[in-house]
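Since each chain comes alone in its own frame, lean on the hints to assemble the complex.
Protein chains in written order, with the numbering used here: chain A, 5 to 118; chain B, 34 to 148.
Because the hints were derived from the structure by calculation, they are not lab data. For every residue, glycine included, the Cβ atom is placed at its ideal position computed from N, Cα and C.
Using C-beta positions, here's what the derived DEER-type ranges look like:
1. B:L89 x A:S71: 40 to 46 Å
2. B:G86 x A:G20: 50 to 56 Å
3. A:T118 x B:V62: 38 to 44 Å
List time: in silico EDC-like cross-link candidates among lysine to aspartate or glutamate, alpha-carbon distance up to 20 Å:
4. B:K147 x B:D118
5. B:K135 x A:D77
6. B:K82 x B:E99
7. B:K82 x B:E121
8. B:K135 x A:D60
9. B:K82 x A:D102
10. B:K135 x A:D42
11. B:K147 x B:E49
12. B:K111 x B:E99
13. B:K135 x A:E76
14. B:K135 x A:E63
In silico negatives: residues of chain A with every beta carbon more than 12 Å from chain B:
15. P12
16. Q15
17. V16
18. T74
19. T75
20. D77
21. P87
22. L115
Residue-level listing of the chains:
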Amino acid sequence: NAGVTQTPKFQVLKTGQSMTLQCAQDMNHEYMSWYRQDPGMGLRLIHYSVGAGITDQGEVPNGYNVSRSTTEDFPLRLLSAAPSQTSVYFCASSYARDDNSPLHFGNGTRLTVT
Amino acid sequence: AQSVTQLDSQVPVFEEAPVELRCNYSSSVSVYLFWYVQYPNQGLQLLLKYLSGSTLVESINGFEAEFNKSQTSFHLRKPSVHISDTAEYFCAVTSPPAAGNKLTFGGGTRVLVKP
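Looking at chain B on its own, in the form it has when it is part of the complex (with noise of 0.2 Å):
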């Protein structure tokens, strides 16, 4: 079985700040991992993926995470976040195949940018 641990339910950053999101794995196998965001009322919407190759991967709008396979960990990073960044942002796992499928999801983490 496969589990997702999220250390920080809430973090309070201000704008322009940094932020780190950290977000820890458990599997006996391979894994694929990703980081989805939701917005207030909205379902969850993909913002990067680590399937194989470097292990950093980045996304559109300045989220970048790293896989660290001794550590199982594959935390989230912002250099400057800004207030549009507000929302709740969770960790999944799932094996090959199938990069969609079965995802086990972590407890979340609710960013609050403050001005």
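Excised from the complex, chain A in its bound form (with noise of 0.2 Å):
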């Protein structure tokens, strides 16, 4: 059992490159989310996701796009990186709707953008 997998793990870009954040989890969960952590501000909600073709905005969406074609993918997107994206990237899932049901993290994706 894989669990969140989160690909790559490591990532330098420059100013205005894209590039696409994988995350893919194995356990039938509804609700897949993005946060990004940063030193001292905890991790923050980018973008979440109730189900497929279902997205909507956390607290620091801007520069990122998310889209849930399937149950078990939820790439982040970053169209034209900019230094202020510079963080550690946390996919995260759980059921959407069972008391019961913690949220389960991947690993993350270090992102360095120069």
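Put into structure tokens, the structure is as follows:
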């Protein structure tokens, strides 16, 4: 059981480049989300999805796009990277309406934008 | 909107000493509260949670937290820490009906256990 898998683990981009962070889960979770982690600020929600075809914005959505074409996958796109997007990105998933379902996290993608 | 404040960014502690990590939240609705732990170069793992019922909740590795509604707090304690407890700890809040959705996290407390 792989859980939540994120790729790549590390990435360096130049300002203005685009890329997609991949996230896949094999637990049949309806809910998937992306957080960014910055020192002293904890984790902040970027975008989330409660099922295939449904996405919504979190606390810090600007500069990021998402889509949810399947239950398993929830990619995060940076269309034009900026140094302010240097961060560690975590994907997480859970059942959408189950109080006993905690949020399961991937191991993160460390992104540096120069 | 909900928010979480972790009052200490770093807590150094000697092995076998007790530790307390403070967490305060603000919310205008009912809450679910969580503590997550992050070991170096890993994702977050659930340590314990409060959904309802007894206000004192425990984890399998000796941590406990108490929900105090009047003080809007959910402090985490361990009576005797081990070197392996060195990690960053995050307090988080969300609201019913879905305990796993749209968590709001505090800024984290880094615990360094010294021999």
